[in-house]
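Chemist: Okay, here's what each chain looks like letter by letter:
There are 6 protein chains.
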Amino acid sequence: MANAMLLPVLLSFLILPFSALALTQDFCVADLSRGDTPAGYPCKAHVSAGDFYYHGLAVAGNTSNLIKAAVTPAFVGQFPGVNGLGISAARLDIAVGGVVPLHTHPAASELLFVTQGTILAGFISSSSNTVYTKTLYKGDVMVFPQGLLHYQYNGGGSPAVALVAFSGPNPGLQLTDYALFANNLPSAVVEKVTFLDDAQVKKLKSVLGGSG
Amino acid sequence: MANAMLLPVLLSFLILPFSALALTQDFCVADLSRGDTPAGYPCKAHVSAGDFYYHGLAVAGNTSNLIKAAVTPAFVGQFPGVNGLGISAARLDIAVGGVVPLHTHPAASELLFVTQGTILAGFISSSSNTVYTKTLYKGDVMVFPQGLLHYQYNGGGSPAVALVAFSGPNPGLQLTDYALFANNLPSAVVEKVTFLDDAQVKKLKSVLGGSG
Amino acid sequence: MANAMLLPVLLSFLILPFSALALTQDFCVADLSRGDTPAGYPCKAHVSAGDFYYHGLAVAGNTSNLIKAAVTPAFVGQFPGVNGLGISAARLDIAVGGVVPLHTHPAASELLFVTQGTILAGFISSSSNTVYTKTLYKGDVMVFPQGLLHYQYNGGGSPAVALVAFSGPNPGLQLTDYALFANNLPSAVVEKVTFLDDAQVKKLKSVLGGSG
Amino acid sequence: MANAMLLPVLLSFLILPFSALALTQDFCVADLSRGDTPAGYPCKAHVSAGDFYYHGLAVAGNTSNLIKAAVTPAFVGQFPGVNGLGISAARLDIAVGGVVPLHTHPAASELLFVTQGTILAGFISSSSNTVYTKTLYKGDVMVFPQGLLHYQYNGGGSPAVALVAFSGPNPGLQLTDYALFANNLPSAVVEKVTFLDDAQVKKLKSVLGGSG
Amino acid sequence: MANAMLLPVLLSFLILPFSALALTQDFCVADLSRGDTPAGYPCKAHVSAGDFYYHGLAVAGNTSNLIKAAVTPAFVGQFPGVNGLGISAARLDIAVGGVVPLHTHPAASELLFVTQGTILAGFISSSSNTVYTKTLYKGDVMVFPQGLLHYQYNGGGSPAVALVAFSGPNPGLQLTDYALFANNLPSAVVEKVTFLDDAQVKKLKSVLGGSG
Amino acid sequence: MANAMLLPVLLSFLILPFSALALTQDFCVADLSRGDTPAGYPCKAHVSAGDFYYHGLAVAGNTSNLIKAAVTPAFVGQFPGVNGLGISAARLDIAVGGVVPLHTHPAASELLFVTQGTILAGFISSSSNTVYTKTLYKGDVMVFPQGLLHYQYNGGGSPAVALVAFSGPNPGLQLTDYALFANNLPSAVVEKVTFLDDAQVKKLKSVLGGSG
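Protein chains in written order, with my numbering: chain A, 1 to 212; chain B, 1 to 212; chain C, 1 to 212; chain D, 1 to 212; chain E, 1 to 212; chain F, 1 to 212.
There could be a bad hint or two in this list.
[Unchecked claim] Straight-line C-alpha distance at most 27 Å; calculated DSSO-like pairs for lysine-lysine:
| no. | chain 1 | residue 1 | chain 2 | residue 2 |
| --- | --- | --- | --- | --- |
| 1 | E | Lys134 | E | Lys68 |
| 2 | F | Lys202 | E | Lys192 |
| 3 | A | Lys68 | F | Lys138 |
| 4 | A | Lys68 | C | Lys192 |
| 5 | C | Lys68 | A | Lys202 |
| 6 | C | Lys68 | C | Lys202 |
| 7 | C | Lys68 | A | Lys68 |
| 8 | E | Lys202 | E | Lys68 |
| 9 | D | Lys134 | D | Lys68 |
| 10 | A | Lys192 | C | Lys68 |
| 11 | F | Lys192 | F | Lys202 |
[Claimed, not checked] Which residues of chain F face chain D? A partial, calculated answer using Cβ under 10 Å:
| no. | residue |
| --- | --- |
| 12 | Arg34 |
| 13 | Asp36 |
| 14 | Ala39 |
| 15 | Pro42 |
| 16 | Ala45 |
| 17 | His46 |
| 18 | Val47 |
| 19 | Ala49 |
| 20 | Ala60 |
| 21 | Ala107 |
| 22 | Gly155 |
| 23 | Gly172 |
| 24 | Gln174 |
These aren't lab readings, by the way, just hints derived from the structure by calculation. For glycine and all other residues, C-beta sits at the position ideal for the given N, C-alpha and C.
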């Protein structure tokens, strides 16, 4: 339909009909410096392709620690491009014998995709305390509903790696042991609200650096 | 599993695997000074336990007024900790013969819990103008769907008190009489849009401080 | 404006202009028999005032149990009127020495209002494992953000009662101890994902009826 | 790139890569017969172009009534194609001297576009009972925030017509006068919750067909 | 009930019971100068009736261009009053032979209301690539689900005009041809991802001002 | 605190305090047989661990087709466990020279994680038709905002594989070429709304199996 002879004319005309849309919000890359709101961070004024890209998950996390595992997040704090988009990710590295201890994500569901090795994973429902558990091999996917306790550990003889995606840009990560033992919550209170024995509480507080 | 002898080593290792999560948003206490957004106020940078606590509902409202009732809010403006959490509260004190006049909450549903006395409450559906009404005693609960006209009044011989919770941090409160008679909306307009008589409108405008 | 002499005529005319709105959805009382959807239960066809009223919180829960506490819910399952309204409630009865053990609500924030006695309450953030704790007296309010671990216990010498409201009709309640010890999750797994000692795990599994 | 000689081969190959997506939900035309859910009606199994089309707003409403106005809705009940799409519409016909009386939409904001004549419109804020009012001519737009009291009336010497759009498929329409006077809410209660005089209440109950 | 003799007394009393609600958010007119957030713009501190009013759609768009059509938006960027209200609008002017080319709105569904002339409109589903098309006359309404490709063109012998409403304040407008040909996306890439011939791509890049 | 001697007694007591929560909704596995709602499928009555697990992404898609690529979805239709959880996934296999052609997801943002090979990916903004493009290697992540046109193609000398996650359980996939050429949309209409030449349209209609 378009005729090349008309090009110089067409160009100026064609652009006019939709010229007033400058403020359209296709995305909202986080400007972390301005602080958060309940819906996420204010939008950065100038963006480039790099804002939608993250390299941090390409590198294996360091599993030379007690749990022999590492969680490398690509949440909004590390990857501002996901702000407002309802999604984020993380990399799980779990050495042989390693474990990602019992935890919840208060603000997102999780989808785990195994890229290497064997992972045993489970979550526990609130209604009936039912345990849902699976052995996952390379290429398998498992989903963990928002806010429910779950865990993953290496179930094989070689390192395991997984990509996890979250249904929000800032899912949070509350490790039960850290919540109980890695702070100044008094041992007496921990014991009262968990039924754990005093010796057990004090031992884990010591391990995880808690006081009280 | 953890061995006390390993503690100094474990401590440093254990904390590493999850150290990059500093920006996680568990909550967003309102920084009221920076103004609102459609999703609520920007988050305060530094919070303490006091931000999640409110004492203002412990004190009875002053019911020495014409309606013999008082509404004491714990909305985001009074209780910044509820910002972004989808909930807020208020205290209702209704003296004998008192009434919380016809009103709506444009931005939340309401759940009322009677802590003292007897309250007669009702709401009106939009579809069929059906009235749903109940006499509520201590411990009873009633729910009022978002945006619908409702009222409460003391139905007994002693003061009534209720806690009301809302499904949002800033529910709003539009009292029909105040909307019509406590401002400068011209009497002729009020009459046109309500079918009320001129004398009635002028009387209530006078009572409620309206002009025009 | 309206003139009484015109009434018979007006009546029929006035109703006509808005007669086609029969399907308006002011509320959606749950028809529990038809099963849930991600947004709540299908709406009951015929409703009455009783659907928006609940008496179950007027009665104290039985605290003659190990934890000396009782949680009486008014969630959608007990109180179908809250379906789709973004709110629900529960009553907490905590005898002297009683405790509501460490738990989360995966699907709602909680607002607690003390109606009697003294309650010590706290929650733990995920980002820094910070503990936010308060002693609450009659009339005090505290808010617990969605999905975060929290607890309440009686901090006084007389029974404590609280009304709690939730920012959703079906908040869920995941008690950490029940999730770990009241099911068939093998002790070896519990130990692996919590760092708890074998004897501790087996003891609590036994107390809470778990196996494995 | 595609070469016409390869067409028979390409056809079968090209379709394969994306063949498993049969359940994608692009839209959800309401199956009104199966009843509502909090998020709208279940989806109709088979749809056609006619489901996304509505002719009902092309015809002027009958304004031969007391208010000399008519509201013709294209809500989900009349126009099932808007189900789940966050939008609906209505046509306003207001004869000379006509009025759409004071009302709210509990479940949507409204955007009004004048297609003919002159409309005087206003809404009232809840915070300060401030009146926001405008005279609107052909082509003018005004927006009315969700849940706030508002009204429209013909401000000129010829019939006025407007298209109104809503930010939800089922906005509701609560006319204050109908809620108060067109049902069996006892006059004594109406008077108590509105401060209106008994004679005024009884007069309007009579006009609008209420009892009690 | 109210007695004029009591007015001076009543006035002060009546206002007290609800005096603490100053921060209620009935609306949130955009303060465009402060930049966007994922939920919309921060709220303007001081508003007036003019903020809820827009005149820009009263004037016909200039259709003296290649497509013989004009889209005049009343999105949040032009009409800050719709911020946070889940709705916006635009005016379509389509001259005889004119067309609004194939496009999507990434962030809203669209409801089109024909105010003049005849419009042929269609959208295409993603699941089965089914085309849903209608000829629309004055007063007809059609709805276009969020994110799906659609188009409109004048199907009659006189100019056509439509009001379109959107289910969000900032719907976006992605014209397929502009996305492909009006930028610096290399021709080789365009050809690779569209199967279009090189000559075709270069011709349209030239027409629409693209490079590469 | 718990004493083994008390166990038989404790067991019955401990379970009582929270026994009334049977209807809690932790998740809502899709019962696909009952049809969709705007918020997703009704919940399956009985679930097991297998409902939260999907094996289908472990197997490489067949790339022996014209585009030398395959998209293997794990949307709610294939993986009912993601229903209501705001997340889903897919596997991308792109052979050397292969391409996932220009497309949008109307109902979700996409996060792509390269597990093997090199992928060139880009998306185009609606506001300014700006192209955001990146070369992605193993371990790299890129995010594509909801509803915007984007593409991926193999940029290396070996097969590429990626896991993509979506911010919704049913993201949709609208391939521009299929929408235009793989159906019965008349060529004249395609040409009118795209500016493409007749020969080009007919060629691609033929390749993709369209008619008209």
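Chemist: Has the given pair, Lys68 (chain A) with Lys138 (chain F), been kept, meaning a C-alpha gap of at most 27 Å?
Modeler: Measuring from Cα to Cα gives roughly 23 Å; hence the hint holds.
Chemist: Are Ala60 (chain F) and chain D close enough, Cβ to Cβ, to be under 10 Å, as the hint says?
Modeler: Violated. Min distance 12 Å.
Chemist: Go through the hint on Ala39 (chain F) and say holds or violated, using the shortest Cβ distance to chain D against 10 Å.
Modeler: At 4 Å from the nearest chain D Cβ, Ala39 (chain F) passes the 10 Å test, so the hint holds.
Chemist: With the threshold set at 27 Å, check whether the alpha-carbon distance from Lys68 (chain C) to Lys68 (chain A) stays at or below it.
Modeler: The hint is violated at about 40 Å.
Chemist: Quick check on the hint: Gly172 (chain F) CB to chain D CB, less than 10 Å?
Modeler: holds, 5 Å
Chemist: Assess, step by step, whether the Cα of Lys68 (chain C) is no farther than 27 Å from the Cα of Lys202 (chain A), and give holds or violated.
Modeler: holds, 25 Å
Chemist: Do the numbers back the hint for Gly155 (chain F), that is, is its least Cβ distance to chain D under 10 Å?
Modeler: Because about 17 Å separates Gly155 (chain F) from the closest Cβ in chain D, which is outside the 10 Å limit, the hint is violated.
Chemist: Assess, step by step, whether the Cα of Lys134 (chain D) is no farther than 27 Å from the Cα of Lys68 (chain D), and give holds or violated.
Modeler: holds, 20 Å
Chemist: Answer holds if the nearest beta-carbon of chain D is closer than 10 Å to that of Pro42 (chain F); otherwise answer violated.
Modeler: holds, 8 Å
Chemist: Mind checking the CB of Ala49 (chain F) against every CB in chain D and telling me if the closest is under 10 Å?
Modeler: Violated: closest Cβ of chain D sits about 23 Å from Ala49 (chain F), beyond 10 Å.
Chemist: Regarding the pair Lys134 (chain E) and Lys68 (chain E), is the alpha-carbon distance no greater than 27 Å?
Modeler: holds, 20 Å
Chemist: Closer than 10 Å between Cβ atoms is the bar; does Asp36 (chain F) clear it against chain D? Give me holds or violated.
Modeler: holds, 4 Å
The structure fails hints 7, 16, 17, 18, 19, 20, 22 (numbered hints given earlier, in ascending order).
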